[in-house]
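So the protein lines, in turn, are chains A, B, C, D and E.
My numbering puts the first sequence at residues 1 to 240.
My numbering puts the second sequence at residues 1 to 240.
My numbering puts the third sequence at residues 1 to 218.
My numbering puts the fourth sequence at residues 1 to 218.
My numbering puts the fifth sequence at residues 1 to 254.
Keep in mind that the hints were calculated from the coordinates and are not lab data.
Possibly wrong hints are sitting among the right ones.
[Said to hold, decoys possible] Here are the computed lysine-lysine pairs in the BS3-like style, where the Cα-Cα straight-line distance is at most 30 Å: (1) D:K185 to E:K238; (2) C:K144 to D:K44; (3) A:K131 to C:K117; (4) A:K18 to C:K117; (5) E:K238 to E:K222; (6) D:K144 to B:K110; (7) B:K180 to A:K233; (8) E:K21 to E:K212; (9) A:K156 to A:K68; (10) E:K143 to E:K127; (11) E:K125 to E:K199; (12) B:K104 to D:K117; (13) D:K216 to C:K117; (14) A:K131 to C:K144; (15) D:K144 to C:K117; (16) E:K62 to D:K17.
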Amino acid sequence: MIKVENLKKSFGNNEVLKNINAIVSPQEVVVVIGPSGSGKSTFLRCINQLETITGGHIYIEGLDTTDKKVNINKVRTEVGMVFQHFNLFPHKTVLENIMLAPLKVRKVSKEQASQKGMELLKKVGLAEKAKAYPDSLSGGQKQRVAIARALAMEPKIMLFDEPTSALDPEMVGEVLEVMKQLAKEGMTMVVVTHEMGFAKEVGDRVIFMDEGYIIEENIPSEIFDNPQQERTKAFLSKVL
Amino acid sequence: MIKVENLKKSFGNNEVLKNINAIVSPQEVVVVIGPSGSGKSTFLRCINQLETITGGHIYIEGLDTTDKKVNINKVRTEVGMVFQHFNLFPHKTVLENIMLAPLKVRKVSKEQASQKGMELLKKVGLAEKAKAYPDSLSGGQKQRVAIARALAMEPKIMLFDEPTSALDPEMVGEVLEVMKQLAKEGMTMVVVTHEMGFAKEVGDRVIFMDEGYIIEENIPSEIFDNPQQERTKAFLSKVL
Amino acid sequence: MSFRWDIIFEYAPFLLKGTLLTIGLSVSSILIGTFLGLLIGLGKIIRNKVLAFPFYCYVTVFRGTPLLVQIFLIHFGVVPFFTGETNAVAAGVIALSLNAAAYIAEIFRAGIQSIDKGQTEGSRSLGMTHAQTMIHVVLPQAFKRMIPPLGNEFIVLLKDSSLLCVIAAPELMYWGKAMGSQYFKVWEPYLACAFIYLFLTLILSFVLNRLERRLKTE
Amino acid sequence: MSFRWDIIFEYAPFLLKGTLLTIGLSVSSILIGTFLGLLIGLGKIIRNKVLAFPFYCYVTVFRGTPLLVQIFLIHFGVVPFFTGETNAVAAGVIALSLNAAAYIAEIFRAGIQSIDKGQTEGSRSLGMTHAQTMIHVVLPQAFKRMIPPLGNEFIVLLKDSSLLCVIAAPELMYWGKAMGSQYFKVWEPYLACAFIYLFLTLILSFVLNRLERRLKTE
Amino acid sequence: GKDKEVSTTGKESKEEGSDGKTLRIVTDANYAPFEFLEGDKIVGFDVDFIKAVAKEAGYDVKLESVGWDPIFVEIESKRADVAISAITVNDERRQTYDFSVPYFLSTNKILVPEKSDIKSGNELKGKVIAVQTGTTGQEAVEKLIGKNHKDIKKFENNNLAIQELLQGGAAAVVADNTVVEEYVKNNPDQKLKVVEDSKSFNEEFYGLMFPKGSELKSEFDKAVNAIYENGKYAEIYKEWFGTDPDIETLKAQQ
Ligand SMILES: Nc1ncnc2c1ncn2[C@@H]1O[C@H](COP(=O)(O)OP(=O)(O)OP(=O)(O)O)[C@@H](O)[C@H]1O
Ligand SMILES: Nc1ncnc2c1ncn2[C@@H]1O[C@H](COP(=O)(O)OP(=O)(O)OP(=O)(O)O)[C@@H](O)[C@H]1O
Ligand SMILES: [Mg+2]
Ligand SMILES: [Mg+2]
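Could you build all of it, start to finish, from the sequences and the hints given here?
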């Protein structure tokens, strides 16, 4: 599904991703953890080309996205992304937020987009907020709308970048709930998060990153209960 | 030490604090918890008059701070406050941040202020950052500087408003460590936080607020293991 | 020194005519200037430095030289070059529009760049193109933020239109000067004009404030 | 149409003299205007509406009327009232300063209000007074943000100083006009002046950019 | 008259020699050949004339170029004693100021493109005419086709009016003969010609301008007549315009 080969990414002289190799299989849920600044966000952003990579290859469903001939907008419709700060469009209602990309990119009809949008809103439990503007929603609600918006493009893969870290604690649960549901339905997911409970419960595999390298990867129980590397141990001792 | 009587606070028509009565004894550590928007921050901000209260009285060491004759700047020097977003002064070095108020308000000499500042920085483990600017620090370091800055005025009481909620998880520990140290030294503290671990370990008393009321207060073990009120139960079920 | 109200009354119809032209010139210039400013502002934020360079120059030259000179150049140079004769009103609209466009371009650029990068990323991550992102996501939000500086620019333009008297465009200041030269009076025409300009700018500020507030609550 | 370089050369010493006065007028006006603008800007953000009202009016009037009229009023009204005689250079500095002060007041107000409320709260919570907070915490940060708009205002002021030729302050435009009326020429003086203004504004932009960058990295 | 000028802009300069009071005289040195700057010296017919008249009247001269509009403020507020700036006398202006007896007869001429078939003032009707605001040219044209008529374009100075003509925005410029002739002489490549018409245009006169009720008026009236008589006027006139003045017409106006 996703194959990352020798991925390198620098900002100026600062090499943020040094040599990343990773594979994500269909329907797999991969959780990425690591200290702040280790390159987790950059890794996700490289996958859907929000950052132009410096070296290596990224294949999505066999397609080399770093190939200039590949239409990245096309690739991005296959890869949904959810951000830490939601990035909802404040000038559009919740439903319009969800409908925008299907209308403009997929060119579906208004009725179809709206019907699909309402379905997704029901799925994330926010059907009654369809006409509200993002600013009137709580953080947890915003993030659920953001997930619905990404799903509206019917992506094959979903990337989550710390989807709960900007939320008030009592709202974290509702977002994780939606994500668990998605995982259960077989969505391929890459999730950067500090929610170790989620990682343990939902993750098929955990990747620990530090300083631009993948230090260790394993099934959650192994990573958390029996980390092999010193750096992994040091990190886990701080956050657990 | 602090006595709050029938405290009321409205923003326009929105009554945020409805009728708060509370006492904080010397050397006591009070932890305030509650859902977002319940009025926790407003409560703290009323204590040191960052908000002008709508009704009731607040006594600090017996002095009615709502009395117009009382110099609030004087009161504030007795009450240190630490904010969620640190609020360090970005145009001053770490040491200058700490020295500013003693120099301008307490009118101490430069040498004295600097010496005291360095002592405090040592205490929070950041002596080597004295000459750095806040922007070059990590979140955890910033918050420790903010604590040192508040301590420089030698306050009798410290207020903390979600001091760790803007931090990356691996930095939460270092800030809580400093706060535990303070509590151990006998500082009177009121702490709004979602860190239930801290509340259990350090708190002498936990106050649960919702919708502008104090719903329940008790020693930590009782609140967490045996909450009396429905709302407390509901809230704790989400965050624990 | 006696203030001659009578000559103000005598010239009132002319001042009124001039005011109407001033309004007409300002409104059409701000509309055209906003449109051009958008294009130039977009041009300035092109990543490719070579493509962005002409836009950069445009803004530099139009902001770096006195409007008076621009008015002369357009009135005596540009307009006659195309039509074979001068036309003060046309030259006035063109000069004011081109000048305002340079300032408005900067307002657009600042407005666009003030929109959180997360908005663009949110949109691009959904597969929308750069153009779609601009049109549906960035510009609608940028426009709102641009209302206050655009309003200021409008006020500046309104007052700047008084410079068109040098090419004999019969706007407010032109008639003020005509009045002054007939009687050799200075205060009466200039104060009368000042009050009319103040009145116009106050109305404009009021309208802009309302607009801004309405957009905010929307 | 032949371009008479010779008359530009002939007038070069005067244009140079004029340029120096233009620079002098602009620099002193921006300094005084910044100082006054700070006071007025602070006045405008006073909570008490009655106390803030005069400052509000000041800004409205000076921004709402043409600079030309302000120049006349100050040249013929204000300066002679105090000194008994007119003085074009003094009136020029005063008029430009007072006009700029109105715009700079708005820049200050915006700069101060752009500083995160957390900064004020951080400072007040330490027991610092409102004045101490302004002086040590808010203003130093606001100043940095004001450099770009202040720079723009400086450029505007530099070009606006050309209006002082109406009261015969011997600045750049004055000499340009003199040259034009001696030889009955339009293009030579105006283009020469335009280039000098452009040159001055480019240098100014360059200096401001450097300053801005240096402040950013500080 | 290069050897005669003494005044500088902005700063005053005094004519040494007489022991009378110094008068502050204001002008707008932007109207060649009457008053203009040659470098930083104010020169022109008006300059030489006022010096001669003042000397005759027993005054010293402090001549200052203050700009056009400021002239009127200076005089009305009595901060200056006299203004000389090719100022056209008319009744409306007499309401506010006093004027001396006329000291110059302004003959207005029509400047048109070489190919133009305009031959007289009356043929200007229906055509767009450019003039300088506040000059005899404007006065003459307005008397001909109506005050503030839409076909009259008023410019800040004659240069701009002529530029308008060159660029096709006007069919003719009406201005002082000296101005248009000087222009044609200075710019032979512009293919313009001067049309004379003494019938269509009224005679327009320049006068010295005083604050209302100024006592200087009568003294200067006398002095003006004195230099008409003693030949000084003719001398200055000839030096600047190369011809003899029509003193009879000037005197007939008094
Ligand atoms: N646009 C950028 N320009 C320059 N440097 C950048 C940029 N984005 C990220 N970096 C740098 O790259 C490094 C990795 O950043 P990244 O955001 O990927 O870390 P992260 O693991 O997501 O951290 P966090 O947990 O704080 O989100 C950091 O040192 C950061 O400063
Ligand atoms: N300055 C203000 N003006 C108007 N309303 C305010 C203001 N500050 C707070 N409020 C409102 O007061 C209520 C309580 O806010 P407060 O910040 O005290 O809650 P909180 O318990 O601290 O929540 P959180 O956990 O999100 O910080 C909220 O409804 C908020 O919208
Ligand atoms: Mg990240
Ligand atoms: Mg809060």
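(request) Output the numbers, in ascending order, of every earlier hint that fails for this structure. (result) none
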